[in-house]
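Participant: Heads up: the sequence lines are chains A and B, in that order.
With the first letter of the first sequence counted as 1, position 10 gets the number 120 in the working numbering; the numbers rise by one all the way through.
With the first letter of the second sequence counted as 1, position 140 gets the number 482 in the working numbering; the numbers rise by one all the way through.
No wet-lab data here; the hints were simulated from the structure.
There is no bait here: all hints are sound.
Calculated pairs, BS3-like style, for lysine-lysine (alpha carbon to alpha carbon, straight line, at most 30 Å):
#1 K166(A) with K462(B)
#2 K166(A) with K390(B)
#3 K201(A) with K114(A)
#4 K590(B) with K600(B)
#5 K131(A) with K605(B)
What follows is the residue order along each chain.
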Amino acid sequence: MSNKEEEFVVGDDGLGTDREKDIGQHIGYRYDVNLVPDLKFITPFLQEYIDKMGWKDLNWLEDIHMGYEGDQAAVFDRNINGWVTIPDTIKLPDNQQERDMIARELLIKFQMSENHPMVDLNNAYRKF
Amino acid sequence: MAELKKDSSYEMGLHQEQLKGRTQQKFFSIDESANLTYFHSFEVDTNKSATIDALDMTPREINREIRALMESGIGNITVDNPMSRHGVGVGILNRLNLTFSDSLGYFGCGLIDGPNVHIKGRVGWSCAENMMAGTVVIDGNAGSTFGAAIRGGDLVCKGSVGARTGIDQKGGTIIVGGKTGAFSGFMMQRGRMIVLGDAGMNLGDSMYDGTIYVGGEVEELGVDCVPGEMTELDVRYLTEKLGNYDMKAPNGVEKMQKYVSGKTLWNYDNLEPAEKKLIL
Numbered sequence: 111m112s113n114k115e116e117e118f119v120v121g122d123d124g125l126g127t128d129r130e131k132d133i134g135q136h137i138g139y140r141y142d143v144n145l146v147p148d149l150k151f152i153t154p155f156l157q158e159y160i161d162k163m164g165w166k167d168l169n170w171l172e173d174i175h176m177g178y179e180g181d182q183a184a185v186f187d188r189n190i191n192g193w194v195t196i197p198d199t200i201k202l203p204d205n206q207q208e209r210d211m212i213a214r215e216l217l218i219k220f221q222m223s224e225n226h227p228m229v230d231l232n233n234a235y236r237k238f
Numbered sequence: 343m344a345e346l347k348k349d350s351s352y353e354m355g356l357h358q359e360q361l362k363g364r365t366q367q368k369f370f371s372i373d374e375s376a377n378l379t380y381f382h383s384f385e386v387d388t389n390k391s392a393t394i395d396a397l398d399m400t401p402r403e404i405n406r407e408i409r410a411l412m413e414s415g416i417g418n419i420t421v422d423n424p425m426s427r428h429g430v431g432v433g434i435l436n437r438l439n440l441t442f443s444d445s446l447g448y449f450g451c452g453l454i455d456g457p458n459v460h461i462k463g464r465v466g467w468s469c470a471e472n473m474m475a476g477t478v479v480i481d482g483n484a485g486s487t488f489g490a491a492i493r494g495g496d497l498v499c500k501g502s503v504g505a506r507t508g509i510d511q512k513g514g515t516i517i518v519g520g521k522t523g524a525f526s527g528f529m530m531q532r533g534r535m536i537v538l539g540d541a542g543m544n545l546g547d548s549m550y551d552g553t554i555y556v557g558g559e560v561e562e563l564g565v566d567c568v569p570g571e572m573t574e575l576d577v578r579y580l581t582e583k584l585g586n587y588d589m590k591a592p593n594g595v596e597k598m599q600k601y602v603s604g605k606t607l608w609n610y611d612n613l614e615p616a617e618k619k620l621i622l
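Produce the entire structure from the sequences given, and follow the hints as far as they go.
Facilitator: Spelled out as structure tokens, the structure:
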């Protein structure tokens, strides 16, 4: 394992298959995409967000999980097609469900920010 | 076909692009204001309502009228007499409650990101294609390629749906109250599909990842689709999700079958980027 974040997601048997041993890297996503959310870990901010949107659950955020990029925890932002790394100042729990909720909250704050790259793209290319 | 020489690709700069070191981290500050909607979206009030009579309107006129109402702050829009027109209710990137009082044609409510849509009728092919977020609830039946390439949100059909449901699904949750046709979950990559009735042949064919739950009988599994183990978390999730839409599994959630990818078709390696460059 190259780092603790990768090890947390992939586990000790990450390079389990012959193919993975050959190429020296884990094959697959950087988190368990099939892990369904446990709503008992929802944060107050996320609850406020889904109330505002008129949803009864996490809706599209069900597919957001905490993964890793390089040696840092990160969340994938589909709107920029890239990983957003989590600041070192945030201490992450050992529970994947709680980590996922933190990832969702930070992603919302990032996407709704006026500094998000989509704002520039929107201003430059929006047709109507 | 014109040949692209190796030298041409170098002249175009395709081999000099510096990818290393790019990061979005500089944009990220957790201390920024906590907006709850996109920066470019319209601020709408869901207590303000408006109705559009679409009887003599073209799909483009309907879509423009919806947008104009959102721009003026209306958060609750009803479209009467949609007359099964194609491509209406599309491209809405906003918080909104939208109701269609009757059926829609092809590609209804595609490319949406956020609204809650209720269709009091049926829908044609490719409803909510490329949906990003929000909810779409259809009271009747739906055509083929229901939720094609959906990326997020809840897409609910209370009746039955046609073939290739959720083809190329990349996220989100598709819920079918009745039966689903052949090749449902074809090339599924992630997300969840919940079918309360029966599923046609080749369910989950060539699925890469994701989960399919079926309450009825499966005619035949597709290539690389295998039974999975139902967990306590799955049961709780399904109960909550179906309860949100007043739906129930006929034989109980606990007896639903779970299907996942066997992952025998996975074939990635770290030579891929180099191979792609060689093709260029």
